[in-house]
Amino acid sequence: MNNEKKIATRQSYGETLAKLGEKNENIIVLDADLSSATKTNIFAKQFPNRFKNIGIAEQNMMGIAAGLATCGKIPYASTFAVFACGRAYDQIRNSICYPNLNVKICATHSGITVGEDGATHQMLEDLSLMRTLPNMTVISPSDDVQTRWVIEEISKKQGPTYVRLCRLATPIIYDENQKFEIGKAIQHGNGTDATIFATGVTVAQALLAQEQLKKENINIRVIDVYTIKPIDKDMIIKCAKETKRLITVEDHSIIGGLGSSVCEVLAEQYPTKVERMGIKDVFGKSGKAEELLNYFEIDSEAIVKKIKQ
Amino acid sequence: MKITKIGALESIANEIRIGVIEQVYEAQSGHPGGALSCADILAVLYFNQMNIDPKKPDAPERDRFVLSKGHCSTALYATLARKGYFSKELLKGFRKLDSNLQGHPDMNKVPGVDMTTGSLGQGLSAAIGMAMASKMDSAGCRVYCLVGDGEIEEGQVWEAAMCASKNQLDNLCVILDYNGLQIDGKVEEIAGLIDIKEKFESFGFKVVETDGHNIESLIHAFDVARHQKEMPSIIIAKTIKGKGVSFMENEVSWHGKAPNKEQYEQAISELKLKHFEQAN
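Going down the list, the protein sequences come from chains A and B.
For the first sequence, our numbering assigns the number 1 to the initial residue and increments by one for each residue that follows.
For the second sequence, our numbering assigns the number 1 to the initial residue and increments by one for each residue that follows.
There's no promise every hint is true.
[To be verified] Quick list of in silico lysine-lysine cross-link-like pairs, DSS-like style, CA-CA up to 30 Å:
no.: 1; chain 1: B; residue 1: K166; chain 2: A; residue 2: K19
no.: 2; chain 1: B; residue 1: K229; chain 2: A; residue 2: K157
no.: 3; chain 1: A; residue 1: K157; chain 2: B; residue 2: K135
no.: 4; chain 1: B; residue 1: K135; chain 2: A; residue 2: K23
no.: 5; chain 1: B; residue 1: K229; chain 2: A; residue 2: K45
Treat the hints as calculated values from the structure; they're not laboratory data.
Start from the sequences, fold in the hints, and give me the full structure.
Right under this line is the structure:
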């Protein structure tokens, strides 16, 4: 992990979209007046005829994306996660997922790492809402390299997809040669003292914790669960068999997200105790992103503390 | 094949109405009131206006129709069957477990259905997406979207209306089935929905008002819309909920219920009598 160079996954998204636009002229980008924050403005500058700013009208944006998809276009619709999944939930459900249309919802500003804007803008339920929808694929990338791969890969794959992106700049975890596959998680380390299942911004936090614990001779493994749906059941069961403790950590409510997904797999296939770290059924609050990771106990310090308990 | 004879189109509208009643009766479920009010509009669209071929339901260059008021699916199914997209026999399966004719239209199950609808207020946005795609590809498609008057109480409709005119979608034609009634009563009483013409004009639409049961006026309205440049059109079609069945007309209770045997027989005999009159 390169802790020196940090990049936000929203930035990786915007840059990849612009490159993708050159390769595939069916890609259309929609935004709801947040293009400078979601970074779709990079695409907009390069391909003004294939960019539509719909204005502050997320429900309409999702419906338009659906209509474009019926005509063979590949719409990428972006706004903040709270407005995409919350305000336009019914549109995503009935106009996109039910008809199984090829719409890519790439939502930025997920989780408490939105920071200073506070609770109204910190989406903590999106994984939960999106993964219950039939036909939907749900991806939560953890770094720049992975995000760039995901954004291109989903353009080749038919069907509705939700990608959870972040505002906060985070360390680069993977090198350019890393292989990714939708539906597969990535294992970091072979420790057997505990498994940390992480997703999105918490993967880097878990890897930091792993380094610190190693110095104290506590060996854990970190699983980057970047595909929330379909989830990598084999990896979850393997870790349950091979390690002493299972812990999930996410910048999302402990209800319905990664923790719940892991529990669902294990409850049915290999009953094992799981400890969930995440936002504990409360709303977020204002503060700096790093302060909030610490406050809500989902940073490396909290993970180390949890492991030592 | 475009049908231009007014009598023939009236006759088709009547067949659509018979199809509506038969489906709702057979299923003992459905929404006859609003389906009867839009039958003439659908007859004109599918048999006089739209560039479509039932043998090629997925042709990219075809015109599109979005039934935003998806609960009036029986009218669309009867129209599509009459046009030849599928056998009329299938109408008997409406709302039944082993049928593709869902309560609300499913584009993946029924040939000729261009968009899945049912949750009110969403169809116009999808129609905008289709109209935009056609513009981007210079495909020359026209996109028609039928909305209910109760339906336009949904905020998303106005988001979409603003967007359609901002994008100068002159290939988009909205039709408002203005029958004045919604489930709980009159639209102006339930939600204060008044001055609809002025509202759409101020949102940048070319507004054409017409009698939604007069075939000749409807054709004229669609022609006006077709020639409008750089702005979307809306045809405000004044209609009667339950049109064609005496005891259902303007009766809000027929929004979403099925007739019993006696009522069914009366409704069909009224419609068949009209059919006989039209044919002679």
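Each hint, compared with the structure:
Distance hint between K166 of chain B and K19 of chain A is fulfilled; the C-alpha atoms sit about 28 Å from each other, no more than 30 Å. The suggested pairing of K229 of chain B with K157 of chain A is violated, with an alpha-carbon distance near 37 Å, which exceeds 30 Å. A threshold of 30 Å between alpha carbons decides the hint, and for K157 of chain A with K135 of chain B the separation of about 25 Å falls inside it, so the pair holds. Taken as a hint, the K135 of chain B and K23 of chain A pair is honoured in the structure, with Cα atoms around 21 Å apart against an allowance of 30 Å.
This hinted pair checks out: K229 of chain B and K45 of chain A have alpha carbons roughly 28 Å apart, not beyond 30 Å.
Consistency with the previously given hints fails for number 2 only.
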